[in-house]
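J.: Those sequence lines, one after another, are chains U and H.
Numbered according to the working numbering, the first sequence spans residues 1 to 76.
Numbered according to the working numbering, the second sequence spans residues 77 to 282.
Simulated from the structure, these hints should not be mistaken for laboratory data.
One thing to keep in mind: the hints can contain errors.
Heads up, incomplete: computed chain U residues facing chain H, CB under 10 Å, no partners named [what the hints assert, rightly or not]:
#1 E6
#2 C11
#3 P20
#4 G36
#5 C37
#6 K50
Result set (DSBU-like, lysine-lysine): computed pairs, CA atoms no more than 35 Å apart in a straight line [as the list claims (entries may be wrong)]:
#7 U/K5 <-> H/K143
#8 U/K50 <-> H/K143
#9 H/K109 <-> H/K143
#10 H/K143 <-> U/K3
#11 H/K153 <-> H/K272
#12 U/K42 <-> H/K272
#13 H/K272 <-> U/K3
#14 H/K143 <-> H/K153
#15 H/K109 <-> H/K153
#16 H/K272 <-> H/K143
No experiment lies behind these values; they were computed from the predicted model shown.
Beta carbons: idealized from backbone N, C-alpha and C, even for Gly.
Residues per chain, in single letters:
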Amino acid sequence: MLKCKEVSELCSQELERPLPMTDRVGLAMHMMMCTGCSNFRKQMRLLRQKMHEYADGRAPSEPDQSSAGESADRAS
Amino acid sequence: MPAASPTPTPDAKAGISPEALVALHSDMLRFAKLQLRDTGAAEDAVQEAIEAVLRQSGTFAGQASVKTWVFAILKNKIIDHVRQSRRTIAVSSLGEGDADEDQMLERYFVENGRWAAEARPTAWPDPEESMSSRQFWRALEACLERLPPTTARVFMMREFLGFDSGEICNQLSITPGNCHVMLHRARLKLRDCIEKGWGHPGDGRC
Numbered sequence: 001m002l003k004c005k006e007v008s009e010l011c012s013q014e015l016e017r018p019l020p021m022t023d024r025v026g027l028a029m030h031m032m033m034c035t036g037c038s039n040f041r042k043q044m045r046l047l048r049q050k051m052h053e054y055a056d057g058r059a060p061s062e063p064d065q066s067s068a069g070e071s072a073d074r075a076s
Numbered sequence: 077m078p079a080a081s082p083t084p085t086p087d088a089k090a091g092i093s094p095e096a097l098v099a100l101h102s103d104m105l106r107f108a109k110l111q112l113r114d115t116g117a118a119e120d121a122v123q124e125a126i127e128a129v130l131r132q133s134g135t136f137a138g139q140a141s142v143k144t145w146v147f148a149i150l151k152n153k154i155i156d157h158v159r160q161s162r163r164t165i166a167v168s169s170l171g172e173g174d175a176d177e178d179q180m181l182e183r184y185f186v187e188n189g190r191w192a193a194e195a196r197p198t199a200w201p202d203p204e205e206s207m208s209s210r211q212f213w214r215a216l217e218a219c220l221e222r223l224p225p226t227t228a229r230v231f232m233m234r235e236f237l238g239f240d241s242g243e244i245c246n247q248l249s250i251t252p253g254n255c256h257v258m259l260h261r262a263r264l265k266l267r268d269c270i271e272k273g274w275g276h277p278g279d280g281r282c
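Whenever a hint applies, use it, and build me the whole structure from the sequences.
T.: What follows is the structure, given as structure tokens:
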């Protein structure tokens, strides 16, 4: 039976490569009875999606006057 | 089938306005700083991206948002910097903080491998929901900044720049096992930090 710690590793690894069948079955069984890991897995997928959105410039803009001013100061 | 010609956006007609680019500058710099962790290198990457944007603005088709188009160019400049700086990465820094890392894992999991009560992941609100969206992005940025430098570099090379694990191993001269461990730790930490900073903002008062 997989432990939550191992499950958290598998939830990370499944974002990197297809998992072997035994791990996939183990994950599925664990998810049925563990809400903590089930939440963890959803959050891992959400993090990947949000990181991609950020890098694609799809996060809302945050006007930041201070850093613009900083650069201008440095340039002068 | 040829549809009626799409209405061109103002950007498509006029290229990219200097104002639009200036408005994106701080977003660009924050993104570059997150990944490169070096203000000088981040400013260089942003400057190179702006020059490239100006050179290529005639090719902007208006299909993507200006920000998405500019970020794609910036991402390439950041990738150049990451590739150029491969030799400056101290492999020894991989070992730094290992004791801390072990402590972190002990804090998240109890002896039988289950989640510790205070670290067990709880259901998050939907970040698309308008009230929490901006806070989510702020928490994500703040939590990325808090990751240890090498862990952050590996995680963002993977998720921001789209390097596969093999290329990360090559760039940083680490083993695939090392790479997976660092990605796992980055994800555990990031998740925990976001949950505390955003997932349950009201918890402190209960």
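J.: Report holds or violated for the interface hint on U/E6, using the least CB-CB distance to chain H and a cut-off of 10 Å.
T.: holds, 7 Å
J.: Given the hinted pair U/K42 and H/K272, is their Cα-Cα distance within 35 Å?
T.: holds, 17 Å
J.: Holds or violated: is there a CB of chain H closer than 10 Å to the CB of U/P20?
T.: violated, 15 Å
J.: Does H/K143 pair with U/K3 here, judged by a C-alpha cut-off of 35 Å?
T.: violated, 43 Å
J.: Within a Cα-Cα threshold of 35 Å, do H/K143 and H/K153 meet the stated pairing?
T.: holds, 15 Å
J.: Are the Cα positions of U/K50 and H/K143 separated by 35 Å at most?
T.: holds, 16 Å
J.: U/K50 was flagged as interface toward chain H. Is the shortest Cβ-Cβ separation under 10 Å?
T.: Since the shortest Cβ distance to chain H is 6 Å, the answer is holds.
J.: When you check the alpha-carbon spacing of H/K109 and H/K153, does it fall within 35 Å?
T.: Distance of about 13 Å is within 35 Å: holds.
J.: Given U/C11 was flagged as interface, is its beta-carbon under 10 Å from a beta-carbon of chain H?
T.: holds, 8 Å
J.: With a cut-off of 35 Å on the C-alpha distance, tell me whether H/K153 and H/K272 pass.
T.: holds, 33 Å
J.: Given the hint that H/K109 pairs with H/K143, test it: the Cα-Cα distance must not exceed 35 Å.
T.: holds, 17 Å
J.: Is H/K272 close enough to U/K3, meaning Cα to Cα at most 35 Å?
T.: holds, 24 Å
Taken one by one, the earlier hints fail for this structure at numbers 3, 7, 10, listed in ascending order.
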